[in-house]
Amino acid sequence: MNIQEYISSGIIESYVLGLASSEEGVEFERACAAHPEVRAARDLFEKQMEDQLHMQRVAPPREIKSRIFSQIGMEQPPVKSEPGIPLNRPVLIQRSGFPRFVAAASLVLLLGSILLNLYLLSQYKHSIAQYKELLVSQEELTNASRSMDTKLESYEAAISLIKDPRMAIVKMPGVPTSPAPSSMATVYWNTNSKEVYLLVNQLPKAEPGKQYQLWAIVDGKPVDAGVFDLTEGPQLMKLKTIPIAQAFAITLEKQGGSETPTMTAMFVMGKVTG
Amino acid sequence: MQVFLNLTPSYSEHELIAALKDRDNEAFQYLYDHYSGSLYSIILQIVQDTTLANDVLQDVFVNVWRRIETYDPTKGRLFTWLLNISRNASIDLLRSKDYVNSRKNRELTDSVYGIDQVTQTGTDSIGLSKFLAKLRPDHRVLIELAYFKGYTHEEIAHIEDIPLGTVKTRIRTALLQLREYLK
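Protein sequence lines, in the order shown, are assigned to chains A and B. Mind the numbering: the first sequence is residues 1 to 274 in our numbering, read in order. Mind the numbering: the second sequence is residues 275 to 457 in our numbering, read in order.
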């Protein structure tokens, strides 16, 4: 066989393009193995054709690539069906698309978990701070509630005293000569137990070092009925028990009270009626 | 973290084949990026339909992924193997029942022009059209029937009503012209 004639017979192109018959193919493969120049001519034609078709390439739609890779990504590498060839790449299974996808997904999940933890930690710290604030304000409310209870109890006590039918009421209007003529106070005097309660309707604030003093007028003589300080809000103050009296009056005296009232500092006075 | 260090790799043919046999994803990406356009142009010329060509291209690459072990480097370059797989898959599609049925209605109206007219108009727009245009019409028809339609020399002799020896000679002559064209 003349090698040059064989090379230029068209067999190379027929074979490479898949147009040769099977007998021609077997013969050509034998020729390639035996004659390097045949093999070289085949290589050259293949390379030229590859380059030419590369120049004439048409880009397929983009989604085809992702379709292909998602399809092969779901597949494990196939086990070789050809007998006698050892499968010596067990490690490489890790490099296929699906485990890499799993690795990437795990990483994403890990990052997501870290971020979530950070978020939850900050939420936790925030919640702790809020909880402490709530504790404080709850304590304040409890205290306020307690003081309200105390006030309420004292009001209730005052009302139950006042509504007692045996309670005599002595109104003490301001006296015209008083430093504050519009002053007013009321004595609640239990005619049974003789206990005296005082309600200050209106009195000016006592000067420093001074205290108000209640007097019972018994047969024209003043009897000490106790000293008192002005309190916030209306309050019924229990003073000394007075067995008998025709009138009550309040004067401003030195701290602790006096033996006899200072008549120039008399604020209010009222007669016991009935 | 190979995923993030994605430097565009470059492979010699030998390295590429070894990496593909290792089921290396990057190598397969490279294979696709490098060869899909060439193969797609041939597939399009054979099946003459974008949707069908997309399906064939997908099947080809999935099969290449599965069957890379069957590639034998002593019989030709990797691209030659890919090209033949693509051509065979395209022709198989043309011969499949579904495709033949879907074409029947259209071919009824096309048949008056004869088979050479139909194939001629189909390949004009893309691919090897420049080369085919240079061939003598009686050679061009044979290349189209043999290469793009997948008919055997015997079938072509019957279709064209010319002796088998003449078919072989004309095809060989046309192929030699192809070689000249590629140089």
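One or more hints might be untrue.
Below 25 Å or equal to it, Euclidean Cα-Cα: the simulated SDA-like pairs (lysine to any residue) are [unchecked claim]: (1) A:K65 with B:T426; (2) A:K65 with B:H432; (3) B:K349 with A:N192; (4) A:K205 with A:T273; (5) A:K210 with A:S182; (6) B:K295 with B:D346; (7) A:K65 with B:L450; (8) B:K349 with A:L53; (9) B:K349 with B:I436; (10) B:K442 with A:L17; (11) A:K47 with B:N362; (12) A:K47 with B:E429.
I should point out that these hints are in silico values taken from the structure, not numbers from a laboratory. From a predicted model like this one, the values you see are computed outputs, not experimental measurements.
> For which of the previously enumerated hints does the structure constitute a violation, in increasing order of number?
Replying inline: 1, 2, 3, 4, 7, 9, 12
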